[in-house]
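When you get a sec, could you build the whole thing from the sequences and use the hints?
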Amino acid sequence: MARRPALERDEVFDACNRLQAEGREVSATALLDALGGGSLRTIYRYLEDWRKEQPKEPGNNRDTELPENILAVFKATWRTATIEADKATAAAREQAAEEVKAAQKQFSEALDAIERLEAQSDSDAKQIEELTAKAAELDSKVNQLQEARAADGATINELRQQTGGQEKEIERLRNELERERKEKDAAVREAAELKGTADTLKAQNESLMTKLGGKTRK
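Heads up: the sequence shown at position 16 corresponds to 16 in our numbering, and the numbers run straight through without jumps.
No wet-lab data here; the hints were simulated from the structure. Each hint can be trusted.
Taking lysine-lysine pairs in the DSS-like style, the calculated list, with each CA pair at most 30 Å apart, reads: (1) K101 <-> K56; (2) K56 <-> K75; (3) K101 <-> K52; (4) K126 <-> K141; (5) K105 <-> K56; (6) K182 <-> K168; (7) K52 <-> K105.
Cβ pair distances, simulated, as ranges: (8) Q166 <-> K126: 52 to 60 Å; (9) L35 <-> A119: 15 to 23 Å; (10) E183 <-> G213: 39 to 47 Å.
Using N, Cα and C, we set each Cβ at its ideal position, and we do this for glycine too.
Shown next, in the form of structure tokens:
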């Protein structure tokens, strides 16, 4: 979520006047809610300016209500008390001034920290948007890959079926080749046996012819 535009002086003043008209406390936190955000440092600065421009409430002037002699005694007593009080509280005032200064410093540091957090929040929001877009892109790629994988799976199954058919054909050819080899071996053995038989018969025939030839000459 993007950070809202910088606050203008009139915008803060209008919000202060609305809160005052509604009888609500005019504070920085109330203004932050009324304005829907913004820099606290800017709100505090314009709030201080607004307070300075507010009319002062008239004081209760009772000097004319007192007799002159009583008023003179009162003023003298007040002056003496004021001098004594100033002496007694000089150190306290100095300490209070230091405490106010330290508090203002801490307040300024707190505002700086808030501004850093606001800037970091904007940066985090931007990073979240980028990561969300990246996640959507990756999700789309995953869907595409899953669809491609499904198509590849169908192709693979088809190839497996074709391969299975080819393997069966190869096995059939191997069996046929083995059968033909066995038949060839059997034919070779049979031919060898027949040749052996023929050689034997030939030898027997030659021997018989030799015997018959000898008898004829006698």
